[in-house]
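Student: Here the protein sequences come in this chain order: W and G. Everything in the first sequence is counted per the working numbering, starting at 398 for the first residue and increasing by one. Everything in the second sequence is counted per the working numbering, starting at 741 for the first residue and increasing by one.
If you're looking for bench data, these hints aren't it; they were derived computationally from the structure. Predicted model only: the values in this text are computed from it and were never measured. There could be a bad hint or two in this list.
Cβ pair distances, simulated, as ranges [unchecked claim]:
#: 1; chain 1: G; residue 1: Arg765; chain 2: W; residue 2: Thr925; range: 56 to 64 Å
#: 2; chain 1: W; residue 1: Lys850; chain 2: G; residue 2: Ala889; range: 39 to 47 Å
#: 3; chain 1: W; residue 1: Gly496; chain 2: G; residue 2: Pro959; range: 51 to 59 Å
#: 4; chain 1: W; residue 1: Arg916; chain 2: G; residue 2: Pro768; range: 38 to 46 Å
#: 5; chain 1: W; residue 1: Trp406; chain 2: G; residue 2: Thr928; range: 27 to 35 Å
#: 6; chain 1: W; residue 1: Glu613; chain 2: G; residue 2: Pro959; range: 45 to 53 Å
#: 7; chain 1: G; residue 1: Gly804; chain 2: W; residue 2: Gly843; range: 58 to 66 Å
#: 8; chain 1: W; residue 1: Leu453; chain 2: G; residue 2: Asp808; range: 57 to 65 Å
#: 9; chain 1: W; residue 1: Thr925; chain 2: G; residue 2: Ala889; range: 55 to 63 Å
#: 10; chain 1: W; residue 1: Arg844; chain 2: G; residue 2: Asp758; range: 48 to 56 Å
#: 11; chain 1: G; residue 1: Thr928; chain 2: W; residue 2: Ser853; range: 47 to 55 Å
#: 12; chain 1: W; residue 1: Trp406; chain 2: G; residue 2: Asp1045; range: 29 to 37 Å
#: 13; chain 1: W; residue 1: Leu453; chain 2: G; residue 2: Asp1045; range: 24 to 32 Å
C-beta atoms are modelled at their ideal positions from N, C-alpha and C, and glycine is treated no differently.
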Amino acid sequence: MKAFSDLYWRLDATTSTNEKLAALRDYFSAAPPDDAACALHVLSGGKQSRAVSTGLLREWAAEAAGLPLWLVEECYAQVGDLAETLALVLPPPTATDAGDEGLAAMFRDTIERLRQEPEEGKHAIVKEIWRRLAARERIVWHKLLTGGCRVGVSRTLVARALADVAGVDPAVMAHRLMGIDLAEPGAYRRLVDRETGDRDARHPYPFFLAAPLENEPHELGTVADWQAEWKWDGARAQIVRRGDDVAVWTRGEELVNDAFPEITAAAAALPAGTVLDGELLAIRAGRLLGFSSLSKRISRKRVTKKVLAEIPCGFVAYDLLEADGQDLRGLPLAERRERLERFGFRPFDPDSGADEPGPLLLSPRVDGDSWEELAATRSTARARGVEGLMLKRRAAPYGVGRTRGDWWKWKIEPLEIDAVLLYAQAGHGRRAGLHSDYTLGVWHDGRLVTIAKAYSGLSDAEIVEVDRIVRATTREKHGPVRICEPTLVFELAFEGVARSTRHKSGVAIRFPRIVRWRRDKQPADAGTLGDLLTMIEATALAEPSR
Amino acid sequence: MPDLLELTSQGLYCRQGDFYVDPWRPVPRAVVTHAHADHARAGCDRYLCAAPGKLVLRERIGSGPPIDTLRFGESLFINGVKLSLHSAGHVLGSAQVRLEHAGVSWLVTGDYKTQADPTCDPFEQAEADVLVTESTFGLPIYRWEEPAAIAAAINAWWRENQEAGRTSVLLAYALGKAQRLAAMVDPTTGPIIGHGAVMKMVRAYRDSGVRLPPIDAVPPRARRVGNGRALVIAPPSVAGGRWLRLFGAVSVAMASGWMTLRGVRRRRGFDRGFVVSDHADFPGLLSVIEASRARRVLVTHGSSDALARLLRERGLDAGVLPTRFMGEAPPEKRAAAADVDADDAILDDDMVAEGSGAAP
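This is chain W alone, in the form it adopts within the complex (with noise of 0.2 Å):
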């Protein structure tokens, strides 16, 4: 346990990419096999189920420090971290040479047992583990048994420490991550075995990701160099058909067949050692669902015959990454497609409208001689429930994770509306103890309703000026919910609207964030209710059938 906390504060205090990775490779080299599997459980977002709820945790750290339950609250506001609060009021350890317990130890003797153990079970594990961890490693427990261990290291920082552990690289490890079961035993040895050449049947291959083009699209050079696509707003998923086995996998790595049973079923019938690379769209008489609801499907371990007839799904299929049982990986895109097509899935087009199209289907290419007429096209891109265009080079191979360059997202101009801070919550993290996480509301019949939360888009600067504002113009507080009086008004980005039967407004916004800042504007130069609706009627998605 020791060995993990020193990791996690080493990664906590720095910012520098090297030694973030320095770091991570020291811990991985030292760190006996479960130990290791269990960090790297950890480290790659793995979550478990919370052992003890943060409301008994509140209570009994209350209790240990002698104080009343409303003053470690008091101090939580400020803390802006459970795990930190609860670390900092408790009283100094008292049996701090109990002994240094692994962290697989630690797992299986404390937050494992945790769970099974009822209430005052549970109360003495954890008096038990306050008296003997000092404050840093109380921080790393809690934040273990809260299931919120973030550490700002990403998978391919992971990867890359492991690669160098092992001695492969960086891409061989990727792979070798994709989908792999830690708590099977010597899985972990095995991933960090220089000669594994037996890699699972149903791993699929580290994601090529696209960035979002930022400069004019002329600056990548002659269109005839770049393939266009939709860009959907689906799940990305890698299809992995090998040996008798088939495997949907979401680019979060979970595990899917079961959600979407009827593409697992006719991605059966494809030839052994194939894996396709598209996303997972929710599709009704040939018209596209929207997001929201192919989430219905996508959180589901059991599809019922009723949702699997309200909202049925395809995939659609962009490239090609395995054919025969080889790795396609390294040719140029065109090639890739070139194979990808004399598959005969049928083209989706999110504008047809036709009949049932059936569960794999093909990512049409969209064409344009020029960047104007991509342009043009892609302005119609809202109307069609797409997101815009995938801009891909036709040269290029299929890279491994976020490199920039081959592959760009041209997204449309997202929508827009000014809304006005209705309430504030303190932020956690880096914006600790600062109200930086907002609600924002719009005009309905002369009242103001709220819309959306947004967390982000106001400097560090702006966020701190609305802090002060904040507090200065609490009209009421509930626990951490600060009620303003409006007078702020920002300009809010989103990517779509819908109706929603599940918000209060009776509109749900995607991907809302805060532009900038309208301090020319008034509340009552706000957008309303109206507005949103305007453009909900402009997006032509289908309605799920009921």
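Knowing the structure of chain W, use the given hints to seat chain G on it.
Tutor: Only chain G this time, still in chain W's reference frame:
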């Protein structure tokens, strides 16, 4: 019977004695607890402070108005109010102000710490019927380590940087904290260099008889200083600015009680944070309040709401002395404080560089 102190638009006023304690606007007669900018304003006609702090206060308010002094423990009468000063242990010459009139006593702590500090007199516990206490760090998350442990951590960081060829830059309030740090670290590790704003106060400290290790000023028109070996002590305002380029590769650390909070350190992008404060920590505040034997406690400046509520729950007559008026203190200070503050009430002299400290 009226209170001995009341809050006016000029500051804390003693009507019976016709003087102010730490006024925030120019007044005829000011009793000053210590020379930090939010307690000692220039422009008053006449000042009174503790004898050890006279030179430091003079540096702050300029050469015009007279400064009367009292030794710690000595008393004098102003219009029939008995006034004495007691060491607050915050910075050189920092005092608690004790007033007595018509059988009632008040004690205004000003800023104070109970931890040992080689550059100023130790905190002296006084008693009074009514206590006005600061509460900058009035939450139980604030508990300071022993100074020796903190010094060891700073020394280790300095040596680590030397091995990596980096100059160590330690950011700290130019008056008090900077001198205390210089006296805390191991001067055999390497040269100590002071920023101009720090050096001004180093001279005032030395002239007041405080022993400090050798501290070098940055020579005028220097191109490169520090050579990856030195410890540079500078006010926080230099962070991210051009002045730091003088030192080549650096590791920047902040010394402040706020460094307890990981979020504050990360927000400001410091490489390291050392928890060193010239204020009392939470246990320190509670022990001073208890030992003062006050019947009534007024909490100001910091987590006053929470601390007052806790004291009431523990059976004391406690309230908040609203320091929102403190908002009319120097605007440059307010702006600087705002980017570290966690609450309105905290005017954070622990973090803040002074206006004069900003220029290289």
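Student: Could you run down the list of hints and mark each one as holding or not?
Tutor: Going down the list of hints, with the structure as the test:
no.: 1; hint: G:Arg765 / W:Thr925: 56 to 64 Å; result: 47 Å, violated
no.: 2; hint: W:Lys850 / G:Ala889: 39 to 47 Å; result: 43 Å, holds
no.: 3; hint: W:Gly496 / G:Pro959: 51 to 59 Å; result: 54 Å, holds
no.: 4; hint: W:Arg916 / G:Pro768: 38 to 46 Å; result: 42 Å, holds
no.: 5; hint: W:Trp406 / G:Thr928: 27 to 35 Å; result: 28 Å, holds
no.: 6; hint: W:Glu613 / G:Pro959: 45 to 53 Å; result: 51 Å, holds
no.: 7; hint: G:Gly804 / W:Gly843: 58 to 66 Å; result: 60 Å, holds
no.: 8; hint: W:Leu453 / G:Asp808: 57 to 65 Å; result: 58 Å, holds
no.: 9; hint: W:Thr925 / G:Ala889: 55 to 63 Å; result: 60 Å, holds
no.: 10; hint: W:Arg844 / G:Asp758: 48 to 56 Å; result: 54 Å, holds
no.: 11; hint: G:Thr928 / W:Ser853: 47 to 55 Å; result: 48 Å, holds
no.: 12; hint: W:Trp406 / G:Asp1045: 29 to 37 Å; result: 33 Å, holds
no.: 13; hint: W:Leu453 / G:Asp1045: 24 to 32 Å; result: 26 Å, holds
The earlier numbered hint that this structure contradicts is number 1, and it is the only one.
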